[in-house]
Amino acid sequence: MRIQIVSDLHLEVREKTTFETFLEDKLTDTLALLGDICPMGHPNLRKFLEWCSEHWKTVLYVPGKSECFSEPFTTVEASIARLRSICAPYPNIHVLYRDAFYSEDGFLVLGCSFWSFSPKAEKFIRKLHREDLEWIKKMTQEYNNKCLVLTHFGPVEWVQHEYGPENPAAASIFTETELLLREPIVVWAFGHCHSYIEYSKTWSVAGGIPQAVLLVCNGMGPPRGPLSRPPLEDFRRDAVLRIEGRAN
Numbered sequence: 001m002r003i004q005i006v007s008d009l010h011l012e013v014r015e016k017t018t019f020e021t022f023l024e025d026k027l028t029d030t031l032a033l034l035g036d037i038c039p040m041g042h043p044n045l046r047k048f049l050e051w052c053s054e055h056w057k058t059v060l061y062v063p064g065k066s067e068c069f070s071e072p073f074t075t076v077e078a079s080i081a082r083l084r085s086i087c088a089p090y091p092n093i094h095v096l097y098r099d100a101f102y103s104e105d106g107f108l109v110l111g112c113s114f115w116s117f118s119p120k121a122e123k124f125i126r127k128l129h130r131e132d133l134e135w136i137k138k139m140t141q142e143y144n145n146k147c148l149v150l151t152h153f154g155p156v157e158w159v160q161h162e163y164g165p166e167n168p169a170a171a172s173i174f175t176e177t178e179l180l181l182r183e184p185i186v187v188w189a190f191g192h193c194h195s196y197i198e199y200s201k202t203w204s205v206a207g208g209i210p211q212a213v214l215l216v217c218n219g220m221g222p223p224r225g226p227l228s229r230p231p232l233e234d235f236r237r238d239a240v241l242r243i244e245g246r247a248n
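The sequence shown begins at 1 in the numbering used here and counts up by one.
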């Protein structure tokens, strides 16, 4: 399986955007948009979705904060319904919000926002995270083949900040979340963090045989403001995940 990933494009602050400048097409059949692409009321979103629909066979769209809290905001559920409606004219674009998708070669792809599990997060955000966590647990509990998880927020503490990742060795361990990082999951791709991250989380099966889950992020970040970085400093136009073999 091959899938291209990107997140945190923040198209609302890119006034004159040629999408090819930050996203190379024709590399894969499948593109994953991992949140904070653009608020739903901004015209750049529809232009971008149309372009993606024309250049990729399949587009998987996991909503982030920019989508879920677009004005006028009422509830997250209403925002998801609105996003599905915006994407409806493009039959090859699939919104994944606690949704499963099967690739042509049989891999299970699970998509949800996952939200922040930080104690500083608002109570309703932590509730949404808990619901996403339980959903992933349920979906993977009896699945024995390779699985790819797509989220906006990452599954470990050291990728919870937009500014960039922290040192994995110095981060606290959220046991319940990290327990997800094992089979059948082989790759967990996420956004929110404005950086390119590629990290193997290791664990051992019976007998001490080491296994690993690849954690990967390709977040661009806005071109200006307090969360900005030098343009394309560690962002990749061509970030493609390759999962070896077939799911079954």
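Fair warning: there could be bad hints in the mix.
[What the hints assert, rightly or not] In silico DSS-like links for lysine-lysine, alpha-carbon gap of 25 Å or less: (1) K138 with K57; (2) K65 with K26; (3) K127 with K137; (4) K65 with K123; (5) K47 with K65; (6) K127 with K138; (7) K138 with K201.
Calculated directly from the structure, the hints in this document are not laboratory data.
For this session: Would you check the hint for K138 and K201, treating anything up to 25 Å between C-alpha atoms as holding?
Result: Given pair K138, K201 holds - Cα atoms ~21 Å apart, limit 25 Å.
Exercise. Are the Cα positions of K138 and K57 separated by 25 Å at most?
Worked result: Distance ~29 Å between K138 and K57 Cα, so the pair is violated.
Problem set entry | Agreement of K127 and K137 with the hint, judged by alpha carbon distance not exceeding 25 Å | holds, 15 Å
Exercise. Does K127 pair with K138 here, judged by a C-alpha cut-off of 25 Å?
Worked result: holds, 17 Å
Exercise. Are the Cα atoms of K65 and K123 separated by 25 Å or less?
Worked result: holds, 16 Å
Problem set entry | Given pair status - K26, K65, alpha carbons within 25 Å | Between K65 and K26 the Cα gap is close to 28 Å, so the pair fails against 25 Å, i.e. violated.
For this session: Take a quick look at whether K47 and K65 sit within 25 Å of each other, Cα to Cα.
Result: Holds - the C-alpha atoms of K65 and K47 are around 20 Å apart, at most 25 Å.
Hint compliance for this structure: hints 1 and 2 are broken, all remaining hints hold.
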